[in-house]
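Just so you know, the protein sequences line up as chains A and B, in that order.
Each residue of the first sequence is one higher than the one before, starting from 1 at the first, in the numbering used here.
Each residue of the second sequence is one higher than the one before, starting from 391 at the first, in the numbering used here.
If you are wondering where the hints come from, they were derived from the structure by calculation, not from laboratory data.
Any given hint could turn out to be false.
[As the list claims (entries may be wrong)] One side only, chain B facing chain A, incomplete, derived with CB under 10 Å:
(1) Lys690
(2) Arg691
(3) Glu695
(4) Thr696
(5) Met697
(6) Met698
(7) Phe700
(8) Leu701
(9) Tyr707
(10) His721
(11) Gly760
(12) Ile761
(13) Asn762
(14) Lys763
(15) Ile765
Every residue, glycine too, gets a C-beta built ideally from N, C-alpha and C.
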Amino acid sequence: MKEVILIKIGEVVLKGLNKRSFEHKLINDIKNRIESFGSYDVKLSQSTISIKPLSDASSIDDILPSVKKVLGISSLSRAFLCDKNLDDIKQTIVESLGDILGSLQTFKVEAKRSDKKFYMTSPEISKEIGWFILQKFPNLKVNVHNPDITVTVEIRDLGAYIRYGAEKGIGGLPKASSGNAAILISGGIDSPVAAFMMAKRGIKLTAVHFASPPYTSIRAEKKVIELLEKISEFSGYIKLFIVPFTKIQEKIRKVCPEEFFTLIMRRIMMNISEKIALNEGCSALITGESLGQVASQTLEAIVCTDCAVSMPVFRPLIGMDKEEIITISKRIGTYDISIQPFEDCCTVFVPKHPKTKPKKEQVETAESKENWDILIEDALQNLNIVDIKQ
Amino acid sequence: MREVYLDNSATTRVCDTALSETMEVMRENYGNPSSGHLKGVQAENTLDLCRKTVAKFINCDSKEIYFTSGGTQSNNIAILGSAAARRHLGNKIITTSIEHSSVLRAMEKLEKQGFKVVYLKPDKYGAISLSKLASEIDKSTILISLMFVNNEIGSFIDISKIKKIIQIKNSPAILHTDAVQAFGKVPVNVKAQGIDMLSMSAHKIHGPKGVGALYVSKGLRIEPILFGGGQESGLIPGTEPMPAIAGFRGAVIELMKNKNSQTRIGEINKYCRRLLAKNNSVRINSPQNAISNILNISVKRIKSETMMNFLSSHGIYVSNGSACSKGKRSHVLTAIGLPDEWIDSSIRISFSRFNTKEDIDYFIKYLNEGINKLIKF
Numbered sequence: 001m002k003e004v005i006l007i008k009i010g011e012v013v014l015k016g017l018n019k020r021s022f023e024h025k026l027i028n029d030i031k032n033r034i035e036s037f038g039s040y041d042v043k044l045s046q047s048t049i050s051i052k053p054l055s056d057a058s059s060i061d062d063i064l065p066s067v068k069k070v071l072g073i074s075s076l077s078r079a080f081l082c083d084k085n086l087d088d089i090k091q092t093i094v095e096s097l098g099d100i101l102g103s104l105q106t107f108k109v110e111a112k113r114s115d116k117k118f119y120m121t122s123p124e125i126s127k128e129i130g131w132f133i134l135q136k137f138p139n140l141k142v143n144v145h146n147p148d149i150t151v152t153v154e155i156r157d158l159g160a161y162i163r164y165g166a167e168k169g170i171g172g173l174p175k176a177s178s179g180n181a182a183i184l185i186s187g188g189i190d191s192p193v194a195a196f197m198m199a200k201r202g203i204k205l206t207a208v209h210f211a212s213p214p215y216t217s218i219r220a221e222k223k224v225i226e227l228l229e230k231i232s233e234f235s236g237y238i239k240l241f242i243v244p245f246t247k248i249q250e251k252i253r254k255v256c257p258e259e260f261f262t263l264i265m266r267r268i269m270m271n272i273s274e275k276i277a278l279n280e281g282c283s284a285l286i287t288g289e290s291l292g293q294v295a296s297q298t299l300e301a302i303v304c305t306d307c308a309v310s311m312p313v314f315r316p317l318i319g320m321d322k323e324e325i326i327t328i329s330k331r332i333g334t335y336d337i338s339i340q341p342f343e344d345c346c347t348v349f350v351p352k353h354p355k356t357k358p359k360k361e362q363v364e365t366a367e368s369k370e371n372w373d374i375l376i377e378d379a380l381q382n383l384n385i386v387d388i389k390q
Numbered sequence: 391m392r393e394v395y396l397d398n399s400a401t402t403r404v405c406d407t408a409l410s411e412t413m414e415v416m417r418e419n420y421g422n423p424s425s426g427h428l429k430g431v432q433a434e435n436t437l438d439l440c441r442k443t444v445a446k447f448i449n450c451d452s453k454e455i456y457f458t459s460g461g462t463q464s465n466n467i468a469i470l471g472s473a474a475a476r477r478h479l480g481n482k483i484i485t486t487s488i489e490h491s492s493v494l495r496a497m498e499k500l501e502k503q504g505f506k507v508v509y510l511k512p513d514k515y516g517a518i519s520l521s522k523l524a525s526e527i528d529k530s531t532i533l534i535s536l537m538f539v540n541n542e543i544g545s546f547i548d549i550s551k552i553k554k555i556i557q558i559k560n561s562p563a564i565l566h567t568d569a570v571q572a573f574g575k576v577p578v579n580v581k582a583q584g585i586d587m588l589s590m591s592a593h594k595i596h597g598p599k600g601v602g603a604l605y606v607s608k609g610l611r612i613e614p615i616l617f618g619g620g621q622e623s624g625l626i627p628g629t630e631p632m633p634a635i636a637g638f639r640g641a642v643i644e645l646m647k648n649k650n651s652q653t654r655i656g657e658i659n660k661y662c663r664r665l666l667a668k669n670n671s672v673r674i675n676s677p678q679n680a681i682s683n684i685l686n687i688s689v690k691r692i693k694s695e696t697m698m699n700f701l702s703s704h705g706i707y708v709s710n711g712s713a714c715s716k717g718k719r720s721h722v723l724t725a726i727g728l729p730d731e732w733i734d735s736s737i738r739i740s741f742s743r744f745n746t747k748e749d750i751d752y753f754i755k756y757l758n759e760g761i762n763k764l765i766k767f
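Working from the sequences, and respecting the hints, build out all of it.
Structure representation (structure tokens):
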């Protein structure tokens, strides 16, 4: 009896001709994550990946937490591998879960036969194994609707797998399978969630953060690094660019009408991010905007910031409520970091009465009072780069 | 870049004697005071010596000193432990609304247990009125816990008058004082000042972090709140942190040698106040008679955090409010009735004997630069 991890891959299954390259990326991600824990055999067959420890020192428990964070898997479970014959299957059931089966009241057997050459059909296997369990454990009764335990027997090309339930995976597409994009990250609750959601769609992330010392603190930067470290547990390596933004914010404050402070600031942030993104080979920008959440995220305001750049801007949270965003941030572990109270670039110089229905022309006129190119170039010359490793 | 450390009420640089005493214990005298062999006995002797040094400094018997992990633990044990032991005598506790959070959170715990806690409010100078206190003390009062020196604005209480009031009122109350900011800075004499319990911390007086002490007057019973191997008469179980305790002693020895350091700090404070007075965007929040170690100011329309960051970028370290209450508006400045805009722009400067007038010049230079340069809210 060998214990393995059985992984069902998600959407990748639906891919056509380039399915192979997606599968390859997924397998590589798994291999890289578990490499340092010992030696394991990772095999893909029939849209299912099995991870088998190759030595006694290589344990399933050690690698499970990191395997759970692999993007592109729909479910995963611990399973026991044995030869494809009924005696072995029965023996494996008794050995792997005998003591637990003895203490429960109801069960059900599910059989799946993806090796169509196997001599019994799925219903036949279920019946046979079910009868065996009933005899072996007189305490158990069959309940197909709401059993205490579901024993799943899968007859696959590589062998027979016995498992008890499965856990949902992260889903999405394999890590870095959809190209590069740059996330504008402030340190709040939303932008890390947006970053995660796009990483989940296979985006390789580059991050841009704006720092305005002394109005923002060193701890705000530390916080962003901690947030990205959490995201990188799923997405892999992230290159973070910290943009020195003080001079630009001070200038906005000095020369622009107060009601447009935030909008003009955001337009310049988008502009700088686009320049960094282009340089890094990114094809899109990502923001954590959610329609109507704050004054700078009304439809009119988003129209004004969107036209500051020519790159597409992905806003994965645009239709989500704050509650929904918070739920995801708690699930991916960024919430507790996000709520630490440090000033960030978005909370500095907030106007008392921001324009909620700005017109593009008004903003452009207000903005044109200053030639921003020199200040932007100066900021780009002084970028601080931090490597966020998985 | 020059470093000017003006956050000595948050913590201090460890002094040389504290450092050498700590090193000695870590390198040579590393035994466990509870061990029966010679190495253990040597450690126990050192522990006794440390206790004597601290005891002598506040004029008590060495058996009345318990080493703790610092101010917070001292306050927790004193308040929770004595309330539990004196419950049969009454139900009322008196404290103030400007205590440290380690006192306030302990009081909240006691309120949940059914104690009635009275929070005295300070006047606009941070002073607690003795007559108000006197009117609250009665026969059901079992504990009075008052901060000797306030950690945010440096105001202090005339502790020596309180014992007399308790006696006149014929109350069973005992007097605890959180002396973390007073110890080593104002004269502390527990016998003469009628103090029953007193909390101290080493790292505010150039000793190491992680150690403090609680003085408990002989004969006073305290219910333990921690349980273990019986060290420190069962009140603070766990192997004694000998390197830190030895460092604590070292810091006290240096304090006793530097008898005129408070006078020097007083001069530095006066010098700083004089220079600040020239700038009309600065408001001084500490009362005129505050302890000279602490000077709380507000800078008109510049956020505390911004000014702190700006000064920090020039190697000058001050506190934006109390370091323990990050993100929240200071309960002390609120209690003395400071308007929100002044609270939001407050910074605390706190001096030590290592500061010089040149440090103050340097600080004032950059404070003024910040005032001219930084964008106002």
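Hints and how they fare:
1. Lys690: violated (16 Å)
2. Arg691: Nearest chain A Cβ about 12 Å off; hint violated.
3. Glu695: Nearest chain A Cβ about 6 Å off; hint holds.
4. Thr696: holds (5 Å)
5. Met697: holds (7 Å)
6. Met698: At about 8 Å, which falls below the 10 Å cut-off, the nearest Cβ of chain A leaves the hint on Met698 (chain B) intact, so it holds.
7. Phe700: holds (4 Å)
8. Leu701: Hint on Leu701 (chain B): holds, closest Cβ of chain A at ~8 Å, below 10 Å.
9. Tyr707: Given a least distance of 13 Å, the restraint on Tyr707 (chain B) is violated.
10. His721: Violated - the Cβ of His721 (chain B) stays beyond 10 Å from chain A, reaching only about 16 Å at its closest.
11. Gly760: holds (8 Å)
12. Ile761: At 13 Å from the nearest chain A Cβ, Ile761 (chain B) fails the 10 Å test, so the hint is violated.
13. Asn762: It is violated, given that the least Cβ distance between Asn762 (chain B) and chain A is near 13 Å, above 10 Å.
14. Lys763: holds (9 Å)
15. Ile765: holds (5 Å)
Violated hints, in rising order: 1, 2, 9, 10, 12 and 13; the structure is consistent with all others.
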